[in-house]
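Counting from 1, position 137 in the sequence shown corresponds to residue 149 in the numbering used here; the numbering is continuous, with no gaps.
These are calculated hints, taken from the structure and not from any lab test.
Just so it is clear, the structure is predicted and the values come from calculations on it, not from any experiment.
Careful: at least some of the hints might be erroneous.
[To be verified] Now the in silico label distances, taken between C-beta atoms and shown as ranges:
id	residue 1	residue 2	range
1	G337	A32	53 to 61 Å
2	F399	G57	23 to 31 Å
3	A255	R96	45 to 53 Å
4	A32	D276	27 to 35 Å
5	R400	G337	38 to 46 Å
6	E93	I363	30 to 38 Å
7	S136	I363	46 to 54 Å
[Claimed, not checked] Here are the simulated SDA-like cross-link-like pairs (lysine to any residue), alpha carbons at most 20 Å apart as the crow flies:
id	residue 1	residue 2
8	K360	H381
9	K251	E121
10	K333	E364
11	K29	Y15
12	K63	R95
13	K333	E356
14	K294	A154
15	K294	I319
16	K294	V369
17	K333	D307
18	K333	V369
19	K63	K29
20	K333	G432
21	K294	E409
22	K122	I319
23	K294	G202
24	K122	Y15
25	K63	R197
26	K122	S70
27	K360	G331
28	K333	I359
29	K251	G123
30	K360	E327
31	K122	Q247
32	K294	R197
33	K122	A351
34	K63	L53
35	K63	G102
Here a beta-carbon is modelled for each residue, glycine too, at the ideal position from N, C-alpha and C.
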Amino acid sequence: MGYTIAEKIMSAHLGGKAVASGDIIMPGVDMVFGNELGTALAIHGREEILKAGVYDRSRVAVIPDHFTPNRDVPSAELCAEVRRFAGEQGIEHYFEVGRLGIEHIILPEKGLINPGEIVVGADSHTCTGGALGALAIGTGSADFFYAMMAGEIWLRVPETVKVDLTGALPPYVTGKDVILELIGRIGIDGANYRILEFAGEGAGSLSMADRFSICNMAVEAGAKTAIFAPDDVTQAYIKPRAARPYHLYASDPDAVYRDTIHIDLTRLSPRLACPHNPGNVKPAGEVAEQRLAVDQVFIGSCTNGRIEDLRLAAELLRGRKAAPGVRLIIIPGSREVYAAALDEGLIKVFIEAQATVGPPCCGPCIGGHMGVLASGERCVSTTNRNFRGRMGSMESEVYLSGAAVAAASAVAGYIALPEGVM
13 MGYTIAEKIM
23 SAHLGGKAVA
33 SGDIIMPGVD
43 MVFGNELGTA
53 LAIHGREEIL
63 KAGVYDRSRV
73 AVIPDHFTPN
83 RDVPSAELCA
93 EVRRFAGEQG
103 IEHYFEVGRL
113 GIEHIILPEK
123 GLINPGEIVV
133 GADSHTCTGG
143 ALGALAIGTG
153 SADFFYAMMA
163 GEIWLRVPET
173 VKVDLTGALP
183 PYVTGKDVIL
193 ELIGRIGIDG
203 ANYRILEFAG
213 EGAGSLSMAD
223 RFSICNMAVE
233 AGAKTAIFAP
243 DDVTQAYIKP
253 RAARPYHLYA
263 SDPDAVYRDT
273 IHIDLTRLSP
283 RLACPHNPGN
293 VKPAGEVAEQ
303 RLAVDQVFIG
313 SCTNGRIEDL
323 RLAAELLRGR
333 KAAPGVRLII
343 IPGSREVYAA
353 ALDEGLIKVF
363 IEAQATVGPP
373 CCGPCIGGHM
383 GVLASGERCV
393 STTNRNFRGR
403 MGSMESEVYL
413 SGAAVAAASA
423 VAGYIALPEG
433 VM
């Protein structure tokens with residue numbers, strides 16, 4: 013009997029001991045990270061334990077990305093607390109305003125998540141790192157604290173569901189549409205405590221940006237995490253970035269899976285997750301027929317704040333303007349993305365389209381700041397969740413899409429397809 017890529021990674025972190033689904037294990041970890049929220053919750057009241065020091069100052073990262081630049085006094089105090097903690101502990105990878113971005117974007121950029129590693133993050137979208145062939149696991153603050161101090165994590169080995177991808181994506185269809193298609197099929201609890209392994213010849217046709225988006229939203233289907241086996245595309249991304257030696261693993265041909273789901277990429281069209289559930293997925297064309305007016309469009313977040321997303325948005329926005337009454341907010345996911353967008357002239361395109369371009373951070377994704385919704389407002393957003401009240405008022409509506417549909421909707425003034433704008 014063969015093993016999955018996830019089982020091989022866990023086994024390697026246990027000195028070669030074989031694992032099976034349901035086993036309780038305590039593997040070592042290669043990287044631990046938290047934002048200002050998870051880190052503050054973890055360290056508050058544990059000052060005596062913290063005197064022992066984190067397990068490895070080079071393997072812990074702190075990224076205050078949710079409420080920065082600080083939106084108010086409470087968020088400023090929160091960030092001040094984790095800033096002091098990072099200084100006292102001598103944490104090497106602390107990212108301050110002006111040098112930061114969204115944790116799930118900048119850690120891969122900096123080579124701090126690598127193939128074959130076990131990574132623990134105090135945020136549910138830690139699974140984004142699975143795009144690199146890492147076992148990236150989101151935890152609560154208590155497990156994060158333990159991993160940060162002890163360098164290991166408690167796990168029950170999950171079952172793996174294989175998602176077999178075939179074909180290649182049509183124009184204006186991206187990884188966001190792939191994961192929305194999957195969540196629409198299985199629901200927000202369809203992969204509870206399972207690993208989603210994306211494989212098949214279609215997986216090799218996907219860019220790293222597509223893979224990051226797909227793995228990012230695996231948690232919206234209830235998954236413990238998601239993973240792609242590293243290939244030439246992965247290697248091209250990680251080789252110039254990796255901060256540490258890494259190991260490449262792949263599933264055996266006879267690996268055992270809980271289930272297999274097939275998705276033909278060639279047949280996909282843009283998708284929308286309609287209010288108030290990431291699993292309420294419909295073809296974007298079906299929704300576009302209703303010409304639903306929008307008040308705000310947000311392009312950014314850990315799901316779609318990469319340079320590829322901004323390029324796609326710029327393609328739709330170049331020479332056009334956001335419709336009257338539409339607030340178009342674009343936030344690059346990192347300093348590196350922002351700099352690339354400047355160099356390529358994308359920021360100029362956005363400004364001429366009458367968009368507001370914000371500093372790298374999470375922004376309005378969790379209703380934090382820089383785009384909170386009022387009662388009765390409708391937003392098309394490239395973020396990952398659209399539960400009631402997620403981005404502001406409990407009486408607002410959020411439709412989740414990729415960057416192309418979001419940009420097209422900003423220009424049209426209502427939910428629209430890219431083809432309608434082009």
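Taking the hints in turn, this is what the structure says about them:
For G337 and A32, the hinted distance range of 53 to 61 Å is satisfied, since their beta carbons lie about 57 Å from each other. Against the hinted window of 23 to 31 Å, the Cβ-Cβ separation of F399 and G57 comes to about 29 Å, which satisfies the hint. Between A255 and R96 the Cβ separation comes to about 25 Å, which falls outside the hinted range of 45 to 53 Å. Separation of A32 from D276 is about 32 Å and conforms to the stated range, judged on CB atoms against 27 to 35 Å.
The hint said 38 to 46 Å for the Cβ distance between R400 and G337, and at roughly 24 Å that hint is violated. Checking the proposed 30 to 38 Å range against E93 and I363 shows it holds: the Cβ atoms sit about 36 Å from each other. Restraint check, S136 to I363: a C-beta distance of roughly 33 Å breaks the suggested window 46 to 54 Å. Pair hint K360 plus H381 does not hold up; C-alpha atoms about 23 Å apart against a cutoff of 20 Å.
Restraint check for K251 and E121: satisfied, since their Cα atoms lie roughly 11 Å apart, inside the 20 Å limit. Among the hinted pairs, K333 with E364 is consistent with the structure: their alpha-carbon atoms are about 7 Å apart, no more than 20 Å. As the CA atoms of K29 and Y15 are separated by approximately 12 Å, the hinted pair is consistent with the 20 Å bound. In summary, the hint linking K63 to R95 is supported, as the alpha carbons are separated by about 16 Å, within the 20 Å threshold.
In summary, the hint linking K333 to E356 is supported, as the alpha carbons are separated by about 19 Å, within the 20 Å threshold. A hinted pair counts as satisfied when its Cα atoms are at most 20 Å apart, and K294 with A154 does not qualify at roughly 37 Å. With a CA separation close to 26 Å, the supplied pair K294 and I319 exceeds the 20 Å bound. The straight-line distance between the Cα atoms of K294 and V369 is roughly 29 Å, outside the 20 Å bound, and the hint therefore fails.
For a cut-off of 20 Å, the pair hint linking K333 to D307 stands: about 14 Å separates their Cα positions. With a C-alpha separation of about 14 Å, the suggested pairing of K333 with V369 holds against the 20 Å cut-off. Among the hinted pairs, K63 with K29 is inconsistent with the structure: their alpha-carbon atoms are about 33 Å apart, more than 20 Å. Proximity of K333 to G432 is assessed by CA-CA distance (about 15 Å); at most 20 Å being required, the pair is judged to hold.
For a cut-off of 20 Å, the pair hint linking K294 to E409 stands: about 15 Å separates their Cα positions. The straight-line distance between the Cα atoms of K122 and I319 is roughly 15 Å, inside the 20 Å bound, and the hint therefore holds. In summary, the hint linking K294 to G202 is supported, as the alpha carbons are separated by about 17 Å, within the 20 Å threshold. Between the alpha carbons of K122 and Y15 the distance comes to roughly 30 Å, so the proposed pair goes past 20 Å and is violated.
For the given pair, K63 sits about 48 Å from R197 by alpha-carbon distance, which is inconsistent with the 20 Å threshold. A C-alpha spacing of about 13 Å is found between K122 and S70, which places the hinted pair at or below 20 Å, so the restraint holds. With a C-alpha separation of about 11 Å, the suggested pairing of K360 with G331 holds against the 20 Å cut-off. Among the hinted pairs, K333 with I359 is consistent with the structure: their alpha-carbon atoms are about 14 Å apart, no more than 20 Å.
Our distance criterion of 20 Å between C-alpha atoms is met by K251 and G123, whose separation comes to about 9 Å. Restraint check: the Cα-Cα separation between K360 and E327 comes to about 12 Å, which is no more than 20 Å; the hinted pair holds. Our distance criterion of 20 Å between C-alpha atoms is met by K122 and Q247, whose separation comes to about 14 Å. A C-alpha spacing of about 10 Å is found between K294 and R197, which places the hinted pair at or below 20 Å, so the restraint holds.
Among the hinted pairs, K122 with A351 is consistent with the structure: their alpha-carbon atoms are about 15 Å apart, no more than 20 Å. Note on K63 and L53: the hinted pairing holds, with a Cα-Cα distance of about 17 Å set against a maximum of 20 Å. Under the criterion of a C-alpha separation no larger than 20 Å, the hint pairing K63 with G102 is consistent with the structure, at around 12 Å.
In this structure, the hints that do not hold are numbers 3, 5, 7, 8, 14, 15, 16, 19, 24 and 25, in rising order.
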